[in-house]
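Novice: These are the residues of each chain, in order.
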Amino acid sequence: MARNLGELAAQFGCELVGDPEVTVTEVATLANAGAGQLSFFSNKAYLKQLRASKAAAILLHPEYADECPVAALLSDDPYLDYARFAAVLHPPITISASVHASAVVSSGASVDSSAQISANVTIGEDTVIAQGVHIAPGVVIGPRCNIGKQSRVHANATLVQDVTVGERCIIHPGAVIGCDGFGNARSAEGWVKVPQVGGVRIGNDVEIGANTTIDRGAIDDTVIEDGVRLDNLIQIAHNVQVGAHTAMAAFSGVSGSTVIGQRCMFAGQAGIVGHITICDDVVIGGATMITKNIVEPGFYTGSFPGEKDRDWKRKVARFRRMDDLVRRVSVLEKKVNKTRD
Amino acid sequence: MARNLGELAAQFGCELVGDPEVTVTEVATLANAGAGQLSFFSNKAYLKQLRASKAAAILLHPEYADECPVAALLSDDPYLDYARFAAVLHPPITISASVHASAVVSSGASVDSSAQISANVTIGEDTVIAQGVHIAPGVVIGPRCNIGKQSRVHANATLVQDVTVGERCIIHPGAVIGCDGFGNARSAEGWVKVPQVGGVRIGNDVEIGANTTIDRGAIDDTVIEDGVRLDNLIQIAHNVQVGAHTAMAAFSGVSGSTVIGQRCMFAGQAGIVGHITICDDVVIGGATMITKNIVEPGFYTGSFPGEKDRDWKRKVARFRRMDDLVRRVSVLEKKVNKTRD
Amino acid sequence: MARNLGELAAQFGCELVGDPEVTVTEVATLANAGAGQLSFFSNKAYLKQLRASKAAAILLHPEYADECPVAALLSDDPYLDYARFAAVLHPPITISASVHASAVVSSGASVDSSAQISANVTIGEDTVIAQGVHIAPGVVIGPRCNIGKQSRVHANATLVQDVTVGERCIIHPGAVIGCDGFGNARSAEGWVKVPQVGGVRIGNDVEIGANTTIDRGAIDDTVIEDGVRLDNLIQIAHNVQVGAHTAMAAFSGVSGSTVIGQRCMFAGQAGIVGHITICDDVVIGGATMITKNIVEPGFYTGSFPGEKDRDWKRKVARFRRMDDLVRRVSVLEKKVNKTRD
Chain A
421 MARNLGELAA QFGCELVGDP EVTVTEVATL ANAGAGQLSF FSNKAYLKQL
471 RASKAAAILL HPEYADECPV AALLSDDPYL DYARFAAVLH PPITISASVH
521 ASAVVSSGAS VDSSAQISAN VTIGEDTVIA QGVHIAPGVV IGPRCNIGKQ
571 SRVHANATLV QDVTVGERCI IHPGAVIGCD GFGNARSAEG WVKVPQVGGV
621 RIGNDVEIGA NTTIDRGAID DTVIEDGVRL DNLIQIAHNV QVGAHTAMAA
671 FSGVSGSTVI GQRCMFAGQA GIVGHITICD DVVIGGATMI TKNIVEPGFY
721 TGSFPGEKDR DWKRKVARFR RMDDLVRRVS VLEKKVNKTR D
Chain B
421 MARNLGELAA QFGCELVGDP EVTVTEVATL ANAGAGQLSF FSNKAYLKQL
471 RASKAAAILL HPEYADECPV AALLSDDPYL DYARFAAVLH PPITISASVH
521 ASAVVSSGAS VDSSAQISAN VTIGEDTVIA QGVHIAPGVV IGPRCNIGKQ
571 SRVHANATLV QDVTVGERCI IHPGAVIGCD GFGNARSAEG WVKVPQVGGV
621 RIGNDVEIGA NTTIDRGAID DTVIEDGVRL DNLIQIAHNV QVGAHTAMAA
671 FSGVSGSTVI GQRCMFAGQA GIVGHITICD DVVIGGATMI TKNIVEPGFY
721 TGSFPGEKDR DWKRKVARFR RMDDLVRRVS VLEKKVNKTR D
Chain C
421 MARNLGELAA QFGCELVGDP EVTVTEVATL ANAGAGQLSF FSNKAYLKQL
471 RASKAAAILL HPEYADECPV AALLSDDPYL DYARFAAVLH PPITISASVH
521 ASAVVSSGAS VDSSAQISAN VTIGEDTVIA QGVHIAPGVV IGPRCNIGKQ
571 SRVHANATLV QDVTVGERCI IHPGAVIGCD GFGNARSAEG WVKVPQVGGV
621 RIGNDVEIGA NTTIDRGAID DTVIEDGVRL DNLIQIAHNV QVGAHTAMAA
671 FSGVSGSTVI GQRCMFAGQA GIVGHITICD DVVIGGATMI TKNIVEPGFY
721 TGSFPGEKDR DWKRKVARFR RMDDLVRRVS VLEKKVNKTR D
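Chains as they are written, first to last, in the working numbering: chain A, 421 to 761; chain B, 421 to 761; chain C, 421 to 761.
Errors might be hidden in some of the hints.
Since the list gives no way to pick one copy over another, a pair counts as held whenever it fits inside one copy or between any two copies.
[Said to hold, decoys possible] Restricting the straight-line Cα-Cα distance to at most 30 Å, the calculated cross-link-like pairs of lysine-lysine (BS3-like) are:
no.	residue 1	residue 2
1	Lys474	Lys728
2	Lys474	Lys735
3	Lys735	Lys754
4	Lys613	Lys468
5	Lys613	Lys464
In case anyone wonders, no lab produced these hints; they're calculated from the structure.
Let the sequences and hints guide you as you build the complete structure.
Specialist: Here it is, written out as structure tokens:
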């Protein structure tokens with residue numbers, strides 16, 4: 421979508437240093453941008469690329485304005501403003517209100533006439549699809565679900581049953597929401613399945629990554645609050661609550677009944693055990709396992725960075741012999757203290 | 421499904437302390453239960469909620485009978501009995517024998533007339549679907565598969581080929597069973613694919629989580645024995661054998677040709693290398709990597725709990741300097757022993 | 421497919437010790453092989469099975485020729501030659517050029533007449549399907565994709581949009597390619613989605629595992645070079661580049677904009693942070709997190725093998741008290757040095 425710089429600057433309240441009549445139609449990286457392309461600079465590592473950029477215009481912080489060889493859009497938070505500008509230049513695809521002939525919509529479902537239901541979609545009984553929703557091909561939505569306005573469910577995702585999705589949510593391909601939680605009671609004859617009867621409630625403006633799984637509650641619902649961002653391949657177990665605006669990177673997993681606060685951030689492979697509480701504003705490092713309540717905001721870690729195998733193996737060997745080292749120190753202490761006596 | 425307490429107590433051999441004519445229709449948590457709802461108490465942490473509960477009846481151990489403000493169903497294992505009671509109140513959905521018009525069933529497939537084949541399902545040549553099986557929408561079952569009685573395959577799951585599933589199994593949405601194992605032979609020109617020609621054999625009463633993947637064998641079959649429980653997002657590589665009644669939590673992974681015993685339990689992110697054997701009754705802790713045979717039942721771990729980043733970083737720094745510490749202790753030992761000589 | 425040993429030996433340049441007229445029709449393990457079955461021996465651990473094998477013929481290194489009780493096919497690399505022989509005996513299924521009546525192919529898509537488009541497939545606008553491609557049931561391919569000759573996309577996989585796949589690639593079931601990257605800019609009101617506008621470019625002879633996810637680029641493309649092998653349940657974030665012939669095992673994850681060299685090998689659960697570079701020929705151990713550039717080929721690790729819980733817990737306790745140990749050593753050093761003064 422073509423826009424001129426003057427309009428864009430006015431719309432988002434950025435100061436423009438350059439010709440307001442210049443038109444941009446899409447975004448590009450500093451290195452690759454050319455005529456008609458907008459770029460941004462928010463990381464000093466790319467200063468060289470900024471200086472050499474051939475973009476039509478560049479979003480950047482005022483302190484770097486002098487380094488910008490082309491039209492500059494000045495912003496206190498260039499990455500945030502880039503997100504907004506890019507959304508104007510690259511709007512989500514327009515949906516065309518329709519139900520594809522191959523879609524199978526239960527007679528008891530309610531689909532708003534402005535929604536787009538694509539090929540090979542299945543929609544169950546008592547499910548409600550609101551205005552402007554886009555259901556991509558191959559999606560299966562079971563009974564008693566509710567998809568809020570302007571939400572989008574990508575291809576081959578599955579909402580099993582009793583899943584409520586708020587407005588403007590994006591559910592990426594292959595995500596599974598509302599599957600049974602992992603509830604098993606031990607008996608002498610083996611595991612007895614504990615029926616899972618809860619649902620999943622998802623707030624507004626939530627994004628759920630590809631092939632991520634969110635279990636239905638065992639009894640009460642699993643809850644994902646407004647603005648949560650889940651990356652691909654995440655596991656949210658039954659009865660977890662994820663607080664508003666929390667973001668989790670790929671392979672994060674939260675075990676059953678754990679309550680996660682608001683505005684938390686989990687790096688990849690963060691694992692949280694069940695039945696604990698993580699307060700607001702907690703950041704969890706990569707590959708870190710959290711086993712206890714966290715009651716104080718801050719940064720928590722528990723993983724080692726990899727290194728050359730021979731160096732690592734030597735450290736591990738030391739670690740394994742630490743008992744011995746402690747014993748040697750104790751012996752020394754006794755000897756030295758005796759000597760001094 | 422409505423049942424009165426007297427019937428339920430009799431059916432499962434629980435002693436009822438209360439009015440046998442009271443009816444329950446569904447389960448609820450201690451905190452939220454009201455009239456017509458059954459709850460259970462199996463964790464002392466919820467004693468306060470037990471005392472205040474407004475449930476119609478509560479399953480609990482006899483030693484807490486006095487604490488129960490409402491009708492009590494006494495059980496030596498309230499969680500196990502809860503699982504059984506809940507299954508009565510919340511039976512699996514009834515299937516309606518049918519093949520949906522949009523399903524594509526190969527002419528060489530055999531589908532029992534009591535099975536339900538849902539919309540947009542594909543069933544391959546020489547595949548057999550037994551009595552009472554439910555295949556949900558979007559499922560793809562390739563050639564030469566066999567789905568045993570009363571089993572259920574949830575939406576958008578894929579059984580690639582040569583997959584035998586026992587009776588009363590549940591395969592959750594998006595699971596992929598029978599995909600090629602990761603077999604690659606190195607050549608001067610790059611990897612050469614090693615054809616994967618085995619199948620997957622799954623016993624009775626097995627449950628396989630959403631988006632979990634189970635590879636077909638390289639030559640012989642991959643085997644999942646009776647009563648196994650796999651959570652979501654698990655990887656079972658080619659030729660793995662998982663012993664009966666073993667349960668694995670999300671993100672567990674087992675590499676090729678490893679043999680896992682019976683009644684093992686793996687916490688989340690447990691990773692087992694290939695070509696080893698884990699004996700019966702082994703419990704693996706969260707985020708633990710097992711690299712050698714385990715021949716003795718018991719609990720095995722190898723992960724650190726996360727903590728405040730600054731505390732953790734200090735420990736890691738100490739760990740990195742352990743060589744130096746050992747050297748200092750050696751120097752001290754020499755000095756002290758000399759001094760004493 | 422039946423072949424006689426003489427033909428096979430000649431085709432792959434192996435010396436045959438045995439009757440060239442003997443026919444083999446399929447592969448089998450040393451332990452289970454019988455008449456008409458070909459096996460291989462490449463691991464000394466199976467020497468006993470070699471000696472007792474009833475296979476029709478066995479591929480093995482010349483130094484073990486004397487141990488072979490049946491026809492021997494001598495090879496310097498028996499596993500590699502096994503891969504080639506097995507591919508002859510077990511060729512990929514033949515496709516039948518056709519577009520299934522239930523497939524939904526956009527009017528603007530181009531499907532070669534030799535391709536097979538299976539049931540319930542959706543193909544988007546401006547997508548090109550080349551000669552000999554097989555698209556399995558339930559696959560969704562969005563707009564502007566390009567699938568190269570002889571490639572195969574397995575059931576229920578999703579290519580969201582702007583995905584280019586080279587020739588002879590295999591994409592396993594449930595894989596999701598071209599989904600949005602995890603791009604979020606923080607604002608006072610919560611996360612603002614950063615539009616993801618790049619595509620994914622996949623080279624020739626690439627294999628992508630079941631339920632693996634590969635994000636589209638944020639601006640430029642995500643790139644997977646020729647011959648790459650990705651196992652199941654892997655996450656490749658936006659703008660990652662994976663060099664030719666690199667192989668990654670299950671649960672490996674690569675964060676955004678990281679560049680991985682050629683011929684690297686990642687064991688399971690390897691996690692690579694974003695915005696770094698890993699040079700060619702790097703091997704990453706299991707459950708290892710890499711947080712910095714790697715500029716030297718070699719083997720890198722950072723994980724501990726699991727052990728008996730009580731042993732592990734004792735070590736962890738020592739680790740936690742290392743500050744104290746260091747202090748004790750410092751005290752000792754002062755005392756000893758004073759003593760000696």
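Novice: Next, verify each hint and record whether it holds.
Specialist: Comparing the hints with the structure gives:
Taking CA atoms no more than 30 Å apart as the test, Lys474 paired with Lys728 passes in neither setting, with 41 Å inside one copy and 45 Å between copies. Taking the shortest alpha-carbon separations for Lys474 and Lys735, neither the intra-copy value of 50 Å nor the inter-copy value of 48 Å comes in at or below 30 Å. In the homo-oligomer, the alpha carbons of Lys735 and Lys754 lie at most 30 Å apart both inside one protomer (27 Å) and across protomers (23 Å), since each shortest distance falls under that limit. In this assembly of identical chains, the alpha carbons of Lys613 and Lys468 lie at most 30 Å apart only when taken from different copies (27 Å versus 60 Å within one copy).
In the homo-oligomer, the alpha carbons of Lys613 and Lys464 lie at most 30 Å apart only across protomers (22 Å), although the nearest pairing inside one protomer, at 55 Å, exceeds that limit.
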